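Visitor: Two chains, two separate frames, one set of hints: put the complex together.
Read top to bottom, the protein sequences are chains A and B. Just so you know, we're using this note's numbering here: the first sequence kicks off at 1 and counts up by one. Just so you know, we're using this note's numbering here: the second sequence kicks off at 1 and counts up by one.
Everything labelled a hint here was simulated from the structure, so no lab data went into it. On a predicted model such as this, the values are computed, not experimentally measured, just so you know. Every residue, glycine too, gets a C-beta built ideally from N, C-alpha and C. Hints are supplied without guarantee of correctness; some may be wrong.
[Stated by the list, open to error] Which chain B residues stay away from chain A? Per the calculated CB distances, all over 10 angstroms, these: (1) Ala21; (2) Val66; (3) Glu87.
[Claimed, not checked] Listed next, the stretches of chain B that the computed footprint assigns to chain A, with coverage defined by at least 3 CB atoms under 8 angstroms from CB atoms of chain A: (4) 48-56; (5) 102-114; (6) 117-123.
[What the hints assert, rightly or not] Pairwise CB distance ranges (calculated): (7) A:Gly70 x B:Gly40: 42 to 50 angstroms; (8) B:Trp145 x A:Ala52: 19 to 27 angstroms; (9) A:Glu73 x B:Arg67: 23 to 31 angstroms.
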Amino acid sequence: MTLDILYFAWLRERIGLPKERVETDASSVADLVDQLRAREERYAAAFADLSALRVAVDQELMDFDASLSGAREVAFFPPMTGG
Amino acid sequence: MDIRVQSAPFAAGALLDDFAAGRRDVGAVVSFTGIVRDDGGLRHMEIEHYPGMTERAIAGIAEEAVRRWELADVLVLHRHGQLRPGEPIMMVATAAGHRAAAFEAADFLMDYLKSRAPFWKKEVTVDGGDWVAAKASDEDALDRW
Numbered sequence: 001m002t003l004d005i006l007y008f009a010w011l012r013e014r015i016g017l018p019k020e021r022v023e024t025d026a027s028s029v030a031d032l033v034d035q036l037r038a039r040e041e042r043y044a045a046a047f048a049d050l051s052a053l054r055v056a057v058d059q060e061l062m063d064f065d066a067s068l069s070g071a072r073e074v075a076f077f078p079p080m081t082g083g
Numbered sequence: 001m002d003i004r005v006q007s008a009p010f011a012a013g014a015l016l017d018d019f020a021a022g023r024r025d026v027g028a029v030v031s032f033t034g035i036v037r038d039d040g041g042l043r044h045m046e047i048e049h050y051p052g053m054t055e056r057a058i059a060g061i062a063e064e065a066v067r068r069w070e071l072a073d074v075l076v077l078h079r080h081g082q083l084r085p086g087e088p089i090m091m092v093a094t095a096a097g098h099r100a101a102a103f104e105a106a107d108f109l110m111d112y113l114k115s116r117a118p119f120w121k122k123e124v125t126v127d128g129g130d131w132v133a134a135k136a137s138d139e140d141a142l143d144r145w
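Isolated chain B (complex conformation) (with noise of 0.2 angstroms):
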């Protein structure tokens, strides 16, 4: 299990590639990398997270993944910080022997992270700085694991 919380940049292709490298216990491997995307005047996104906090939650919202499915490994990154649109925000991987438990595992992962890891967005565009809230969607969507 890989966890990581930092500022810096990522290549997502390079760390699959790591990933991946030399496994040959897993028939499948899933990833999904978050973009910084920018509906119209985004300066950039301003990432605040809690030390200690943050990789605790991620590392436990990992574990149990790995209780659910028969997973191989997981990674999973999240930046914080100052991103600008089309930058990578996040990612996360799995590898598993097949492919329902590597895409599903990446699933709960996704929508676990969203709203039970601590971080939150700010929008800062030329009007000023807005957080963004919430969606009852995000929520709803932990009740279907």
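Bound-form chain A, shown alone (with noise of 0.2 angstroms):
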């Protein structure tokens, strides 16, 4: 499946990138991570603390064993910090 992948703030500027597409057979987003990570050193330092960071499965918050069956768009990212 193809599937855009978006990172935001710190993640964004870790990886040099706001978003990427890719093509790829992951089930969960934890399969997915490791997928990333395997790829250059950048992403694995990026997401070497996963409770350092959270996700987005089209765009609803999920924890990182979330499927991603029928998924499009995910977003990594710290924390939030507004207000």
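Guide: Put into structure tokens, the structure is as follows:
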């Protein structure tokens, strides 16, 4: 499947792009993270500590064990700091 | 329900007047305005957001507030982009029959906006930029609801 992956805040800066389109067979967010980590050191570094990150699948906050079945957009970011 | 995500500045007083104008069904309007605070050397604040999800997440939080309290109306405005110290960054307003509901709902909205709406703040000083880290106390604040 083809997924749009978005990165925000320091994660975007660490990976060096705000968005990319990937072809993947990952069944869960955790699988996708493993595939991204295996790509390059900057991904491995960015995803080193998942407790410091949040994920949204199709713009809904999810856990890292969430399924990617039918998903189109996955976003990774640090904990929000609005207000 | 009025949800706004914008880069443009806003005048909290004028918005609040409009929000309260013409209402005969409410006895209480509560509002909160967040201001960019300079704790020393802040040049500006950079607010990043997730277009699309931000509006959805705020609408979800506002709908939850309407489910929990008897509210006549809710306003949430949050800015993004580059903001200078002293500028208003966000605003919440609630209108209800009685003040307890208006205060509690506004407090609830603020707690949830802080850690469930996709905004990230970067403080830019003469020394460079630092992303503001989320506080454990912000997450703990959700438990009381």
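Visitor: To test your reading of the hints: which numbers does this structure violate?
Guide: Hint check: nothing fails, all pass.
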